[in-house]
Amino acid sequence: MPYFSDLLAATWLLSVGDSFELVSPAGAVAPSPPAGPAPSDVTEVAAIAAGGSGAAGALNRNRNRNRNRNRNRNRVLGGSRTGQGGGFGGAQILAPWRELEMLHRLAPAWIDLPLALPPAPSGLMAETLDLLARRALLDTLAEAARRDEILGQVDLELSGYLRPLGIESDDAMPETTALMLTVVWLAETVGLRYKARYDAPRPSEVNPQLKPFVAVPGHASYPSNHSFQSYSIAFVMARVIPEHPGISALFHSARRIAENREWAGVHYPSDSRAGHDLARMMVPVYEIVLEEQMLRARAEWL
Amino acid sequence: MAELDAPSPGTRGSGRYPAYHALWHLFEIGVIEDPATFAAPAWVKVETARAAPGAPPPTRVALIDTSVAMDHPNLAPAIEGGLALDLFSARHGAFPRPGPALPPELAPAAARPAPIAAAQPYLDRLAEGLRAAHAAGQDPAPRPGTVFPATRASFSAHGTAMAGLIGARPRAAAEVPMVGPTLMDLPGGTPLALPAPAGGLGFAYAGVDPYCRIVPVSTHFDPEPEQLILALLYAWMIRADLIVLAREVPAPAAVTPPLPGEPADLRERLSARLGVGLAAAEIVGWQVLEALILEISKTIPILCAAGNSGEERMAYPASLAAPGNGIIAVGAHASTGQPSAFSAGGTGTPVTVFAPSGDGERLDERIARLDPNSAGFRAWEQGSGYAGAIDSVPTTRDISASTYSPLEIVTTDVPGRAGYNGSAFTGLATEAGAVLDYRSYYCHFSGTSAATAIAGGMLSLAMSAGVIPRGQGPLAKELLQGPGVPNAALATPKLRWSRIPGAT
Numbered sequence: 584m585p586y587f588s589d590l591l592a593a594t595w596l597l598s599v600g601d602s603f604e605l606v607s608p609a610g611a612v613a614p615s616p617p618a619g620p621a622p623s624d625v626t627e628v629a630a631i632a633a634g635g636s637g638a639a640g641a642l643n644r645n646r647n648r649n650r651n652r653n654r655n656r657n658r659v660l661g662g663s664r665t666g667q668g669g670g671f672g673g674a675q676i677l678a679p680w681r682e683l684e685m686l687h688r689l690a691p692a693w694i695d696l697p698l699a700l701p702p703a704p705s706g707l708m709a710e711t712l713d714l715l716a717r718r719a720l721l722d723t724l725a726e727a728a729r730r731d732e733i734l735g736q737v738d739l740e741l742s743g744y745l746r747p748l749g750i751e752s753d754d755a756m757p758e759t760t761a762l763m764l765t766v767v768w769l770a771e772t773v774g775l776r777y778k779a780r781y782d783a784p785r786p787s788e789v790n791p792q793l794k795p796f797v798a799v800p801g802h803a804s805y806p807s808n809h810s811f812q813s814y815s816i817a818f819v820m821a822r823v824i825p826e827h828p829g830i831s832a833l834f835h836s837a838r839r840i841a842e843n844r845e846w847a848g849v850h851y852p853s854d855s856r857a858g859h860d861l862a863r864m865m866v867p868v869y870e871i872v873l874e875e876q877m878l879r880a881r882a883e884w885l
Numbered sequence: 024m025a026e027l028d029a030p031s032p033g034t035r036g037s038g039r040y041p042a043y044h045a046l047w048h049l050f051e052i053g054v055i056e057d058p059a060t061f062a063a064p065a066w067v068k069v070e071t072a073r074a075a076p077g078a079p080p081p082t083r084v085a086l087i088d089t090s091v092a093m094d095h096p097n098l099a100p101a102i103e104g105g106l107a108l109d110l111f112s113a114r115h116g117a118f119p120r121p122g123p124a125l126p127p128e129l130a131p132a133a134a135r136p137a138p139i140a141a142a143q144p145y146l147d148r149l150a151e152g153l154r155a156a157h158a159a160g161q162d163p164a165p166r167p168g169t170v171f172p173a174t175r176a177s178f179s180a181h182g183t184a185m186a187g188l189i190g191a192r193p194r195a196a197a198e199v200p201m202v203g204p205t206l207m208d209l210p211g212g213t214p215l216a217l218p219a220p221a222g223g224l225g226f227a228y229a230g231v232d233p234y235c236r237i238v239p240v241s242t243h244f245d246p247e248p249e250q251l252i253l254a255l256l257y258a259w260m261i262r263a264d265l266i267v268l269a270r271e272v273p274a275p276a277a278v279t280p281p282l283p284g285e286p287a288d289l290r291e292r293l294s295a296r297l298g299v300g301l302a303a304a305e306i307v308g309w310q311v312l313e314a315l316i317l318e319i320s321k322t323i324p325i326l327c328a329a330g331n332s333g334e335e336r337m338a339y340p341a342s343l344a345a346p347g348n349g350i351i352a353v354g355a356h357a358s359t360g361q362p363s364a365f366s367a368g369g370t371g372t373p374v375t376v377f378a379p380s381g382d383g384e385r386l387d388e389r390i391a392r393l394d395p396n397s398a399g400f401r402a403w404e405q406g407s408g409y410a411g412a413i414d415s416v417p418t419t420r421d422i423s424a425s426t427y428s429p430l431e432i433v434t435t436d437v438p439g440r441a442g443y444n445g446s447a448f449t450g451l452a453t454e455a456g457a458v459l460d461y462r463s464y465y466c467h468f469s470g471t472s473a474a475t476a477i478a479g480g481m482l483s484l485a486m487s488a489g490v491i492p493r494g495q496g497p498l499a500k501e502l503l504q505g506p507g508v509p510n511a512a513l514a515t516p517k518l519r520w521s522r523i524p525g526a527t
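Top line first, the protein sequences correspond to chains A and B.
Using our numbering, the first residue of the first sequence is number 584, and each one after it goes up by one.
Using our numbering, the first residue of the second sequence is number 24, and each one after it goes up by one.
Note that these hints are calculated values from the structure, not bench results.
Keep in mind that the hints are not guaranteed to be accurate.
Ranges between beta-carbon positions, derived for each pair [stated by the list, open to error]:
| id | chain 1 | residue 1 | chain 2 | residue 2 | range |
| --- | --- | --- | --- | --- | --- |
| 1 | A | S752 | B | V67 | 57 to 65 Å |
| 2 | A | A699 | B | P100 | 35 to 43 Å |
| 3 | B | D288 | A | A755 | 44 to 52 Å |
| 4 | A | A699 | B | G507 | 33 to 41 Å |
| 5 | B | P429 | A | A609 | 50 to 58 Å |
| 6 | B | P41 | A | L683 | 46 to 54 Å |
| 7 | B | T213 | A | E771 | 53 to 61 Å |
| 8 | B | E128 | A | E771 | 39 to 47 Å |
Quantities reported herein were computed from a predicted structural model and do not represent experimental measurements.
Idealized CB from N, CA, C, for every residue including glycine.
Excised from the complex, chain A in its bound form (with noise of 0.2 Å):
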């Protein structure tokens, strides 16, 4: 008899409710193993055995679920900053001075990644051709939503990263709003780290006839912030709910947001790629920083 087939022989796992129970079956007798070298990948497990105490194994079965999730996080603050009606009233957090200490702490991880360098000036230049062609279309009525969606876009508005995954409002997923929030805001500061070595001007400063649909941001263009923070989002989500069916729109709508900033005459194709590409990078760093929201987030979906 195989060995395996002794040693399942000897121990049952078994169903029990939402938990699992390890039992020796009557009449079970231990294997040995087999001759030849001790296994090297001993891991020292502490467990407590099947059949012990009744109010531990109670314990145990406890899921996320039933955590207290109220203590120790970023709380969403509710509010109506953008005075816009609707279930995304602009919901703002408390500083994430916890998560931001983390990240600086691991600035070797990211302060250097192989993010690909901007274009040189006539390449920013040819790609205004296809933004002055685009900004012309954004006054067609055929593009009205679009520049509804610009204008809501400008400040930072949760709706397109939590309605694809099917939430209509800030804090009906409270823990998970959060967690996009933080997100959004250590993106910031590495991005503005990122713009500020590039220094690249915006595409309206290289080419003057286009006229940006929106104020122009005072900071260096490459890479876009919108995008990075919307990927690094999208990215971060990927990781917490992979098997969520909304995570492909989820990346469509962050896309959007990130070229309709290109529309609007703000940022260049080559930004918006920059800064999925350098969302796509940071997820190591992510997942260290922000393990906790992440796994209290994916909590609220499980």
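The hints should help you fit chain B onto chain A, whose structure is shown.
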């Protein structure tokens, strides 16, 4: 005046389910035969084949999924850590556990042309990127230009569940020692003693093929074709024997045809539908991906999940399964033998094979199947439209005759707080990194993902036993499927060891 009584709620679920063996699916598919001895003739066959002179190396399974909790005691011996590759964060891959030497499969000397010419540029970039990533991975400290892998165990639930079903190893008590709880003295100092923990309890969980080697290839979920092209090419480079790809890919080929008034051009039409500006190169990339899947599957069978939509139409790329290619579309059947309520697949492009999984509740014109034992079930809240006919074949009005199966698949889970089955203990890890709760090492799992992993394990087992030859995708599919005409309504053919010619 007597007490006012509540109206009778009628039949109501008790929520009390019987316990069941975590490995019921291994009995179901005929890998384990005897519940007393756990006799597994298939495993005997593998051990015999491995002992023969000139035996081939263990079957190598490329698992294209999320990352995997590689230190799980049941998984650690199954994972080829040195080859594990992450494509989430770094465009051309990052190695979470690189060995000191470049794996020979990735050396320039081992290079071979891409399966299709259009994929050659991708393969060239990948090969170069992998060598650079391996060199960078030798230094644990961040170096300029290093992108770390995004493979933290906390966010590896799906891949960990998949890997366990394919190839988890049972571990003996001596290999994974368990420590019982310590008990505090009563106030005043009176000691209390617990009986010693039951001795000899092992980490008793097994995948279908506990002899295979699994290479996790983790991916992100940005709907773009390149990372899946690279993931498939990586499986090609490392000469995987089979690929498990239990995810829906949002490829343009999977969408509905042009509607009246829509642009005929695919790129324009998709851009308008998705609200983004797709580039022509992206459309070409999706076409390369499809051609690559089809071509690679001719030598490396690819197991794909039929999808959890419950539709006739299968998810892409499972929908590409056809005679002549090695794409294996896996549907799910419940412990009762019926198709799982969520399992996609109909008559058009039939499911290749149905494998065990959980079931679902559903109430529509095709399937009326509810769980009358659920604690939330109240007969009086149900409409008259189905009037208790909660059977998929509405021949009875007896609620107790529902065919809903409460059994789910059990598999390995991320230990500790994370995963599908989180522990209540948030920070009580020992110095060895283990948590105080073996229960969190296992979870319930379902969907056509679970079925796909089980079918992948079965194919791997047949290759390990020498029953199904390696390197021939269409033949592997045919042998795994066995004889008979597929019937989605009956969830046939079912995955069974005995149906593979020469297995018994």
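Broken hints, by number: 3, 4, 5
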